[in-house]
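Visitor: Fit chains E and G with the ligands to the given chain A structure using the hints.
Residue numbers (my numbering), protein chains in the order written: chain A, 1 to 395; chain E, 1001 to 1596; chain G, 2001 to 2154.
Don't take each hint at face value.
Anything over 10 Å on all C-beta distances counts as not near chain E; from chain A, calculated [what the hints assert, rightly or not]: (1) Leu7; (2) Lys30; (3) Thr32; (4) Ala68; (5) Glu88; (6) Ser91; (7) Leu124; (8) Lys130; (9) Asn178; (10) Gly211; (11) Glu281; (12) Glu323; (13) Glu324; (14) Gln328; (15) Arg333; (16) Thr365.
Calculated cross-link-like contacts (lysine to any residue; reagent style SDA-like; alpha-carbon spacing at most 25 Å) [claimed, not checked]: (17) Lys1357/E / Arg1384/E; (18) Lys1178/E / Pro2024/G; (19) Lys2154/G / Val2135/G; (20) Lys1468/E / Lys1103/E; (21) Lys1103/E / Pro1188/E; (22) Lys179/A / Arg1384/E; (23) Lys2125/G / Glu255/A; (24) Lys112/A / Val2135/G; (25) Lys9/A / Ile341/A; (26) Lys191/A / Glu1454/E; (27) Lys1087/E / Ile341/A; (28) Lys1501/E / Arg2046/G; (29) Lys1133/E / Phe311/A; (30) Lys361/A / Val1055/E; (31) Lys1059/E / Ala51/A; (32) Lys125/A / Lys2154/G; (33) Lys1133/E / Glu2038/G; (34) Lys1473/E / Glu1454/E.
Keep in mind the hints are simulated off the structure, nothing from the lab. Quick caveat, the model's predicted, so the values are computed rather than measured. The C-beta atom is built at its ideal place from N, Cα and C for all residues, glycine as well.
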Amino acid sequence: MAESYHLLKRADFIFRNENDWEDILTKTIKRTPQDIINELISSELKGRGGAGFPTGLKWKITAEAKSAEKYVICNADEGEPGTFKDREILSRVPYKVLTAMAVCANIIGSKKGIIYLRGEYHSLKEALEKTISEFEYYCKKIKLDFTVEVFMGSGAYICGEETALFESLEGHRGEPRNKPPYPTIKGYMDKPTVINNVETLAHTFTIFKYGAKKFYDLGVQFSRGTKLFSVSGDTPKPGIYELELGMSLQDFVNEFGDGDTKAVQVGGASGFLVPRKKFQETAIGYQGKLTGISLPTGGSMMIYNSSRSMFNVLDNYLEFFREESCGQCTPCRVGCQQLLIGIKAVKRGERPAQYLDKLLKLSETMQITAKCGLGQSVANSFASIVENFREEMIY
Amino acid sequence: MTQKIQLNINGFPVDVKPGTTILEAASKVNVTIPTLCYHKDLCVAGNCRVCVVEVAGQKRLSAACATPCEDGMDILTNSLKVRNSRKHIIELLLSEHNADCTKCYKNGKCELQLLASEYKIMTQDFIELLPWKDYTIDMISPSIIKDDSKCIRCQRCVRTCAELQGVNALTVAYKGDKMKISTFFEKPMNDVVCTNCGQCVNRCPTGALVEKNYVEEVWDAISDPGKHVVVQTAPAVRVGLGEDLGFDPGTRVTGKMVAALKRLGFDSVMDTDFSADLTIMEEGTELLTRLKKALKDKDPDVKLPMATSCSPGWIKYIEHMYPEYLGNLSTCKSPQQMFGALVKTYYAKARNLDPSKIVSVSIMPCTAKKFEAARSEMHDSGYRDVDYVLTTRELSIMIKQAGIDFMSLPDMEFDRLMGESTGAAVIFGVTGGVMEAALRTAYELVTGRPVPFENLNITAVRGMTGVKEASIKIENPLKEWKFLDGVELRCAIAHGLINAKTVMDAVKAGKANFHFLEVMACPGGCLGGGGQPIPTNAEIRDKRAKAIYEEDAWKPIRKSHENPEVQKIYKDFLGEPLSEVSHHLLHTKYTSRQRF
Amino acid sequence: MDPIQSLIKELAVKHGRRRESLLPVLQGVVEQERYLSEHSMIEIARELDLPAAEVYGTATFYSFLEHRKMGRFVIRICKTISCSMKGKNQVLLAIQDMLKISTGETTPDGRFSLVETNCLGLCHKAPAMLINEEVYTELTPEKVREILSEYMLK
Ligand SMILES: Cc1cc2nc3c(=O)[nH]c(=O)nc-3n(C[C@H](O)[C@H](O)[C@H](O)COP(=O)(O)O)c2cc1C
Ligand code: SF4
Ligand code: FES
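The shape of chain A in the complex, shown without the other chains (with noise of 0.2 Å):
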């Protein structure tokens, strides 16, 4: 086990509730864009929607491109099966997350804002709606030209994809575009935009309100910081927790989990199945050079015990990539319906239990070879599944 691992720590800044984000804001657009950008660099936070990307970084590359108009993103598309977090953010301290994009426009040099909502969280909309115009009634006050508008998704997961949503956004059907060029370069109307997760922006608003050094110092090496984990499944106690990066999994079942788990999944559907024997040496937290085998995630940990079937869950993962692929790609759209009714055919023995193998090797060339992140990731899943828990595969 690496030496970085460390024990479950809880924390809570996300949803302190702080009635300072106008003194917060103020204070902030007066800084240079450079200084806070270094700032933001510093702290090494990195994107909490799943992919990882350094968020200073981000804004740095945006801010240099050179566009008249610009824009700033918040992904509130969360579908990711087993997040619920981003809801919680926008329901509880939605200036938060509004501060944070004002000051990102501020330095990148925009002066719209978008936030798109999943079609799910509808019930969201009008409160969140009226914070809005409280807070743009300040930004004029201040003298900040800044909007922001609520887009509501229409059940789609794969519209939380970065370039996917900015289809979507434009009318279109939610598929992937080609990257490069990446949105910080090309993205929402062709233009350079900053798209970041909900719970970024709430980072960076801790970060504005009590410096970098206080975030790095949080969680370990490579992966910095406290991060909102959705916790449900076989828990007694299911819910949203912040917790400082970089724990072992064991330690998290030991808090969260029935005394009986045997299994969690980490990142969601698109994430990794964590057996029993591996909790151990499994930390939670992004890649890096040190640590062991550390699992990235958006936050959801769906949490097993032993009555539970993996052949069940692998199933229900695969309908729901299955019917949630964009379908423009072959390895997705195909692939994904080929696991599917191949786990079926080697359960009913239809199929030797050698096709698993095939279907293994499938996962992987899909992995490689799809167009965006959703099927790339369909591999996560069913190999840690089908690897782990063969038996429950065949018999």
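Guide: Just chains E and G with the ligands now, with coordinates in the frame of chain A:
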């Protein structure tokens, strides 16, 4: 910026300009990368993923068609990883595809089949997915068959319909495993805005979109001793047909084509070029009549610009999209339909045949012509004027079936009566050609002198620019046309319906003040038609265009009004252009259709 | 102008007639009508000057933009893993039993439609469902019967 990017492909160094894709760079070092969704005429989609290549240092593969080269890249296009992945992808496509190849119209011409053969996919390990899917085979349109069970979702057709044609009859619908290529509410192609242009057919890599073929029907007619089967061939066929029969693009095969048709057993092999010349007479006169009404009689109701009406894809397009401009269309039938109406009247009389025993077949570069021939208006001879329309591709099928060694056939001449044509008629097959032909005749009719261009070549209307504009000043006209003295006759030419849209929107906005508009539905004109040999791309279309202009230059007569058979038909049968008989047989009406 | 046409005009005035307005307009119609009929899509295409096929292709991408006729109350029950582990099936059976329809169907009186949907983001309060935009969590067969009884009176 003359900045260069240097990279290695399979160990070979190559220099490219920024923005070059890996696929393009590879072709510079003689490396072919397989593609499916990629098409030179279309924007890059990057969705089939068969073009994946390995970039050293990256775990994931990159789609060569969609990835720009970067300095220092080290690319492998045929590593083990690449080959295995590609094989997987081809297998996946096959598992979702109705791979009943021996029963497929595209057997031997299918890009997926070719790839499967190249990669020697000998087994199908994956589970066949078709039994799980509900798919439709739409055979209602007289022009196009859409078979979803063969679709590989490359979206080439959708991009064609939107980018090149601006029609958007096809769209991508649903997502995930249900994603499919569809029309509005999955209606039959025949019930939506589809113009039958067949450009999607030209670009579909598999048998999902094909022309509705009438090969068997035509064989039946030929074999029926009670039937007299007449065939006509459109101008663009003679510069395309060779491609399906072993010749390079741009080879003129007129004489061989005639010889082959005779060997197939057609009773009479005549030329649509004849009726193209006739079209010029009618349409040219119609234009001059409209100009006279507008400029001399100051008739406020006369509709200008007058638009050509030879392209049935364009006709259906304007009927759907700009029905308020139907009055601007020339009332002339297309050359195919003029020919058809005359076969069962003029020709039947001259040859003393019972028109009910005549089967009239046309060979067209076009799928929309099948729809045109089936229009209810096209029965002016008292019978269906054109019974069967075959595409260039279908003709090549018949020639192969008949065991004709096309490449070594001696040249033969068209049969007489309606087989003589001029260079003006030949160029109907290329964008700008109708305009050029019309100007050659109209100018001479008005001034008594040939058009003032070297060798009659009106180069301003030639070339592959999407929208071309030209004008010609009329000086010293004959007495009868005095009102045209000094008038600048302004013309516009569009090919590809997306360009027609540009022009029509300008007309609609009152920003266009020309007199004569030529529109061909297909890119490059008929030579790029939906019935021409596959593949198609700008380079091939250029070669066909060059061949057409050669054919024109080579013709002894190059002006429609000098065609002796045209002169004869006016003398013996029609009287004069726009006569009553002409009106009855050679002109038509249009129907306003739904845009949505 | 029929009511759909005036609704679409209104939505176009509110959201604009650009391509970016398409989703909000589609959503606006679904909010009122619960689904997009052929007529609605044609009118949207006309109002926004878009090809009808594009409207159809875009709408069918999104699960919430139904184009089959839907009831006044659309019940969307989450079928993703956490809900499915916590007794979604029993809840679903209770609903089916009470409304006498199976998944994907609408009651003959046009009041209720029942569909399954992917993760609603309520996994910690599984099983969960939406009725139109309203959220219901920690469902049990008893609880769902109570909820539906109330809707039946609406
Ligand atoms: C299939 C798929 C779904 C995604 N869904 C979300 C999402 O719901 N929310 C989110 O913030 N990011 C999501 N992402 C990641 C985004 O593409 C993008 O990386 C992220 O919004 C960037 O913000 P961050 O740097 O703050 O994490 C998804 C990615 C993929 C491939
Ligand atoms: S990987 Fe899946 S979701 Fe992503 S582009 Fe391909 S088909 Fe669409
Ligand atoms: S040809 Fe490159 S992805 Fe299809």
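Visitor: Quick one, are Lys361/A and Val1055/E close enough, alpha carbons at most 25 Å?
Guide: Holds. Lys361/A to Val1055/E sits at ~20 Å (cutoff 25 Å).
Visitor: For the pair supplied as a hint, Lys1178/E and Pro2024/G, is the alpha-carbon distance within the 25 Å limit?
Guide: Distance ~24 Å between Lys1178/E and Pro2024/G Cα, so the pair holds.
Visitor: Once the closest CB in chain E is found, is it more than 10 Å from Ser91/A?
Guide: holds, 28 Å
Visitor: Against chain E, does Leu124/A hold up as non-interface, every C-beta pair farther apart than 10 Å?
Guide: holds, 24 Å
Visitor: According to the definition I'm using, a residue is off the interface if its beta carbon is farther than 10 Å from all beta carbons of the partner; does Glu323/A meet that for chain E?
Guide: violated, 5 Å
Visitor: Hinted pair, alpha-carbon criterion (25 Å max): Lys1087/E, Ile341/A. Please report holds or violated.
Guide: holds, 20 Å
Visitor: Examine each Cβ of chain E, and state whether all of them lie more than 10 Å from the Cβ of Glu324/A.
Guide: violated, 6 Å
Visitor: Would you mind confirming whether the straight-line C-alpha gap from Lys112/A to Val2135/G stays at or under 25 Å?
Guide: Violated, at about 30 Å.
Visitor: Within a Cα-Cα threshold of 25 Å, do Lys2154/G and Val2135/G meet the stated pairing?
Guide: Holds, because 17 Å separates the two Cα atoms, which is no more than 25 Å.
Visitor: Verify that the Cβ of Glu281/A lies farther than 10 Å from every Cβ atom of chain E, and report whether the claim holds or is violated.
Guide: holds, 22 Å
Visitor: Classify the label on Leu7/A as holds or violated, using whether its beta-carbon is more than 10 Å from each beta-carbon of chain E.
Guide: holds, 33 Å
Visitor: Under the criterion that the straight-line Cα-Cα distance not exceed 25 Å, is the pair Lys179/A, Arg1384/E satisfied?
Guide: Violated, at roughly 54 Å.
Hints 9, 12, 13, 14, 15, 16, 20, 22, 24, 25, 26 from the list above are not met by this structure, while the remaining hints are.
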